[in-house]
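J.: The numbers in full-length UniProt numbering rise by one with no breaks, and the one at position 277 of the sequence shown is 277.
Simulated from the structure, these hints should not be mistaken for laboratory data.
Computed from a predicted structure; not experimentally measured.
Don't take each hint at face value.
Stated by the list, open to error - Below, simulated BS3-like cross-link-like pairs (lysine-lysine); rule was C-alpha separation at most 27 Å, straight line:
hint, residue 1, residue 2
1, Lys462, Lys408
2, Lys412, Lys462
3, Lys462, Lys493
4, Lys491, Lys388
5, Lys352, Lys376
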Amino acid sequence: MATKLLLTFAICRLIVTVGLTLEPTELLRLGLTVDPVDVESASVDFGLMTKVEPLAVLRPSSAEDVAQLVKAAYESSHGFTVSARGHGHSINGQAQTGTGVVVQMSGVRSSGKPSVWGGDMYVDVWGGELWIDVLKSCLEYGLAPKSWTDYLYLSVGGTLSNAGISGQAFHHGPQISNVHELDVVTGKGELMTCSKEQNPELFHAVLGGLGQFGIITRARISLEPAPQRVRWIRVLYSNFSAFTKDQEYLISLHGNQKFDYVEGFVIVDEGLINNWRSSFFSPRNPVKISSLGSNNNGGVLYCLEITKNYHESTAETIDQEIEALLKKLNFIPTSVFTTDLPYVDFLDRVHKAELKLRSKGMWEVPHPWLNLFVPKSKIADFDRGVFKGILGNKTSGPILIYPMNKNKWDDKSSVVTPDEDVFYLVAFLRSALDNGEETQSLEYLTNQNRLILKFCDEDGIKVKQYLPHYKTQSEWKEHYGSKWDRFQRMKMKFDPRHILASGQNIFTPTFLSSSKMASW
Numbered sequence: 001m002a003t004k005l006l007l008t009f010a011i012c013r014l015i016v017t018v019g020l021t022l023e024p025t026e027l028l029r030l031g032l033t034v035d036p037v038d039v040e041s042a043s044v045d046f047g048l049m050t051k052v053e054p055l056a057v058l059r060p061s062s063a064e065d066v067a068q069l070v071k072a073a074y075e076s077s078h079g080f081t082v083s084a085r086g087h088g089h090s091i092n093g094q095a096q097t098g099t100g101v102v103v104q105m106s107g108v109r110s111s112g113k114p115s116v117w118g119g120d121m122y123v124d125v126w127g128g129e130l131w132i133d134v135l136k137s138c139l140e141y142g143l144a145p146k147s148w149t150d151y152l153y154l155s156v157g158g159t160l161s162n163a164g165i166s167g168q169a170f171h172h173g174p175q176i177s178n179v180h181e182l183d184v185v186t187g188k189g190e191l192m193t194c195s196k197e198q199n200p201e202l203f204h205a206v207l208g209g210l211g212q213f214g215i216i217t218r219a220r221i222s223l224e225p226a227p228q229r230v231r232w233i234r235v236l237y238s239n240f241s242a243f244t245k246d247q248e249y250l251i252s253l254h255g256n257q258k259f260d261y262v263e264g265f266v267i268v269d270e271g272l273i274n275n276w277r278s279s280f281f282s283p284r285n286p287v288k289i290s291s292l293g294s295n296n297n298g299g300v301l302y303c304l305e306i307t308k309n310y311h312e313s314t315a316e317t318i319d320q321e322i323e324a325l326l327k328k329l330n331f332i333p334t335s336v337f338t339t340d341l342p343y344v345d346f347l348d349r350v351h352k353a354e355l356k357l358r359s360k361g362m363w364e365v366p367h368p369w370l371n372l373f374v375p376k377s378k379i380a381d382f383d384r385g386v387f388k389g390i391l392g393n394k395t396s397g398p399i400l401i402y403p404m405n406k407n408k409w410d411d412k413s414s415v416v417t418p419d420e421d422v423f424y425l426v427a428f429l430r431s432a433l434d435n436g437e438e439t440q441s442l443e444y445l446t447n448q449n450r451l452i453l454k455f456c457d458e459d460g461i462k463v464k465q466y467l468p469h470y471k472t473q474s475e476w477k478e479h480y481g482s483k484w485d486r487f488q489r490m491k492m493k494f495d496p497r498h499i500l501a502s503g504q505n506i507f508t509p510t511f512l513s514s515s516k517m518a519s520w
């Protein structure tokens, strides 16, 4: 009883602070809390580089709860911001706000388990549902979503607000290309259903829209029959041109005569190949970079990572299919590493690495990640200047590199990509450690990110940031380029008070002082 009274008192203070029109009892019913534990949790994210405490946290039980809160923010006399938070996997405080309420979308069972429609091959899911739980529900029907992220403990609304990419994107496109329909709470507090046919402007704006136009409360995701097993293969290259040529060849294939997943990573640190996802390489027989001819290539190796999905009924032909595909590639002949595992274990592979890092106290550390889309025409220049130049021989984490086909991306979405038919994701997924090694410090890695971006700018490599982070609106205008005018127009239409996702630093909330706006 005392706890409830204290909570009611704190909420009364909040009402006075932001000018809410709702009664304290109504806010309690919605799931609004100022509990220090909830506030502390919402003040940090995976990046651990920013800490911003919200005024309160909402744990909604329905989309209507979200709509009621946002409508209250839209109509409040003083104004306050609303930021949706899924599993908290942002890097630079994108889901944080110090001038309003964080809506904790994950961990909420608003509408029970995901609803799988096997006959129509889609699933309806709550926006805060984690992809791992979507997968488990769909597998009960022998189905699965088509496009994934490498890490499944992310929320549906979170990845759809960015794009959602992994090694399947070359064929199926990003996750935002596999959505039939959305329910969205706009910045006016309106709960709207949208698709390509119904409210298409909102639909396309929200997909990849960084939370600027609405909070996704439901998504209808396309499904396909789930395979049972995966043949997971890694091969190594010492020649970058041969590596990218083979990657680009593989993503050009169609039909059944192709791999189902194409990724890759750069190895400049011998420890990385034996420690990262190390189930691939035996500790008793570690891979030596020097033994694979990399000394003639600036000490850099490139690993192509590919998979072939199959059912146990077709296991007899899988070896021949893979052999036929591998014959056309130009990797180091002695560098083929293969494993075979259930489909769900492959998709959930990064979580196993997470558990190992957690056990060593190396998960909850700062993550100065940098994700870039690099045009195909400049990827060799990027290799020369970054992989063989700026990085040196220490990386402090994996560096992913793989190509995607632009025709699998809907240009009507809010995402921006390089203006070429093929572009690469290059992802520096580094962890900063306070262990006395300068090359693993947060300051060193952050500065290295700046050097990489500076090199691209000076060398004319027109990269686009994925999971972008900028501090000024002029930088955002440059990022969006020709899409900026439409982006700004959609903001004025669906979130005119700039209430939503203020942690992205794209638009200043209209209720903030002119002095703060002048800093832009």
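J.: Does the structure break any of the earlier hints, and which numbers would those be?
T.: 3, 4, 5
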